[in-house]
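Build the full structure now, drawing on both the sequences and the hints.
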Amino acid sequence: MMAWLGAVLLILGLLFFLAGSLGVLRFPDVFCRLHAVTKADTLGLGFIVLGLGVLQQDWQRFLLMLLIWGLVMLSGTISCQLLGQYGREQTTDQEEPAE
Amino acid sequence: MSGDFWFDALLGVLLLVLALATILARQLAAAVMLYVVFGLMLALAWARLGAADLALAEAAIGAGLTGALLFSALARQPKSITPPVRISRMELLPALVLCIAMSAVLGWTLWQLPLQPAHSQLPAALEQLGSSGTEHLVTAVLLNFRAWDTLLELLVLLLALLGSRLVAAPEPAALQHWPLARQWSIRLLPLLVLVAFFVLWRGATAPGGAFQAGALLAAALVVLRLNGQLPALRFDMWWVRALILAGVLAFLLAGLLSVWLNWQPEQAVQWLRWPLPLAKGLILLIELCATLAIGLTLTLLVVGERKELTA
Numbered sequence: 070m071m072a073w074l075g076a077v078l079l080i081l082g083l084l085f086f087l088a089g090s091l092g093v094l095r096f097p098d099v100f101c102r103l104h105a106v107t108k109a110d111t112l113g114l115g116f117i118v119l120g121l122g123v124l125q126q127d128w129q130r131f132l133l134m135l136l137i138w139g140l141v142m143l144s145g146t147i148s149c150q151l152l153g154q155y156g157r158e159q160t161t162d163q164e165e166p167a168e
Numbered sequence: 003m004s005g006d007f008w009f010d011a012l013l014g015v016l017l018l019v020l021a022l023a024t025i026l027a028r029q030l031a032a033a034v035m036l037y038v039v040f041g042l043m044l045a046l047a048w049a050r051l052g053a054a055d056l057a058l059a060e061a062a063i064g065a066g067l068t069g070a071l072l073f074s075a076l077a078r079q080p081k082s083i084t085p086p087v088r089i090s091r092m093e094l095l096p097a098l099v100l101c102i103a104m105s106a107v108l109g110w111t112l113w114q115l116p117l118q119p120a121h122s123q124l125p126a127a128l129e130q131l132g133s134s135g136t137e138h139l140v141t142a143v144l145l146n147f148r149a150w151d152t153l154l155e156l157l158v159l160l161l162a163l164l165g166s167r168l169v170a171a172p173e174p175a176a177l178q179h180w181p182l183a184r185q186w187s188i189r190l191l192p193l194l195v196l197v198a199f200f201v202l203w204r205g206a207t208a209p210g211g212a213f214q215a216g217a218l219l220a221a222a223l224v225v226l227r228l229n230g231q232l233p234a235l236r237f238d239m240w241w242v243r244a245l246i247l248a249g250v251l252a253f254l255l256a257g258l259l260s261v262w263l264n265w266q267p268e269q270a271v272q273w274l275r276w277p278l279p280l281a282k283g284l285i286l287l288i289e290l291c292a293t294l295a296i297g298l299t300l301t302l303l304v305v306g307e308r309k310e311l312t313a
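As given, the protein sequences belong to chains A and B, one line each in that order.
70 is the number that the numbering used here gives to position 1 of the first sequence; each next residue is one higher, with no gaps.
197 is the number that the numbering used here gives to position 195 of the second sequence; each next residue is one higher, with no gaps.
The hints are all genuine.
Facing chain B, from chain A, some residues (calculated, C-beta under 8 Å): (1) Ile147; (2) Gln150; (3) Leu151; (4) Gln154.
If you anchor each label on the Cβ, the simulated ranges turn out as follows: (5) B:Gly5 / A:Leu143: 30 to 38 Å; (6) B:Arg78 / A:Ile137: 27 to 35 Å; (7) B:Ala244 / A:Leu81: 50 to 58 Å.
If you are wondering where the hints come from, they were derived from the structure by calculation, not from laboratory data.
The structure displayed is predicted, hence computed values, not measured ones.
Glycine residues also receive a C-beta, built at the ideal position from the N, C-alpha and C atoms.
Encoded structure:
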């Protein structure tokens with residue numbers, strides 16, 4: 070039962086990563102791509118951490134992975150903001166969005 | 003075939019593809035990004051091989067700091083260099099011949115190496131582990147059995163820094179300072195310092211050590227410097243020079259001390275072999291000095307400058 074739950078959570082996480090990668094490749098501009106890639110970071114990694122936690126059932130490791138997830142989320146949000154800011158400056162500088 | 007095999011095979015193929023893509027990329031920025039990804043995948047490969055020390059070093063130095071170094075070098079490039087320069091086929095021919103010859107020699111040398119060395123030194127090293135002053139075999143090899151190699155590695159790093167100072171790099175473009183980035187780098191600083199010293203301390207019993215810890219310290223310093231939160235670091239400041247030389251100096255002094263302590267008349271001079279009661283302390287002292295030296299050297303390689311940056 071737990072193994073199934075873990076597997077479903079892992080697959081959900083992978084789907085988010087897949088969607089994020091597709092988004093980076095297919096979306097038209099910086100902002101849409103950032104939207105896609107940050108979802109993969111936060112939700113995808115979160116589901117994978119949860120799935121691994123369910124599979125391993127080792128609280129110490131689970132807490133460690135949660136901490137790592139938190140750090141990744143923090144740095145992900147901040148680099149997303151910075152990239153977005155840079156993208157906005159670029160587009161307003163040139164009066165036309167870069168392709 | 004097991005899942006492990008397919009994962010490793012996929013990783014190996016991915017590494018080859020990434021390496022080719024890095025070389026063949028048209029834009030330098032894309033090549034640098036691919037190189038960083040290549041470094042991360044290589045770290046994963048080392049981890050799969052059970053070489054956690056190498057994985058840590060590759061991720062921190064190979065992917066992280068080298069990536070930052072290449073990007074900061076890109077930022078100093080005049081814009082006109084970025085488009086690829088067309089070279090005629092005839093000009094490429096000597097380079098091609100040289101590359102093929104080099105590859106042939108390297109391949110032939112590799113072919114000569116036995117896959118499993120007949121006289122492995124591993125059992126002997128494991129036997130001596132108790133008298134090395136540390137419980138982690140890699141640290142014991144790096145700082146006791148083959149301390150000579152590590153001393154030379156530190157010298158190589160020093161030479162790299164001195165060599166890079168001879169190149170007249172153009173001034174980097176003015177940096178933008180974003181409040182968010184500055185806040186984040188300040189928040190990250192204690193975490194990075196903590197993790198760096200944890201990695202250093204842990205090197206005695208588990209994967210970790212001076213190079214990894216130094217790379218983490220350098221990462222903290224580089225981020226602070228790029229955000230304009232640190233005064234310019236220049237090689238002509240006395241304390242910068244002292245810290246950079248600290249690694250090699252501590253190593254040499256400890257080596258001389260070991261010669262003096264191990265001195266017995268009518269016996270071969272024992273250089274860089276620590277007497278057991280002092281071993282742990284000496285190794286820690288050398289590693290601490292080396293960490294600071296490596297951290298500062300790598301920082302100067304990435305963001306060192308001659309004049310004050312115009313912010």
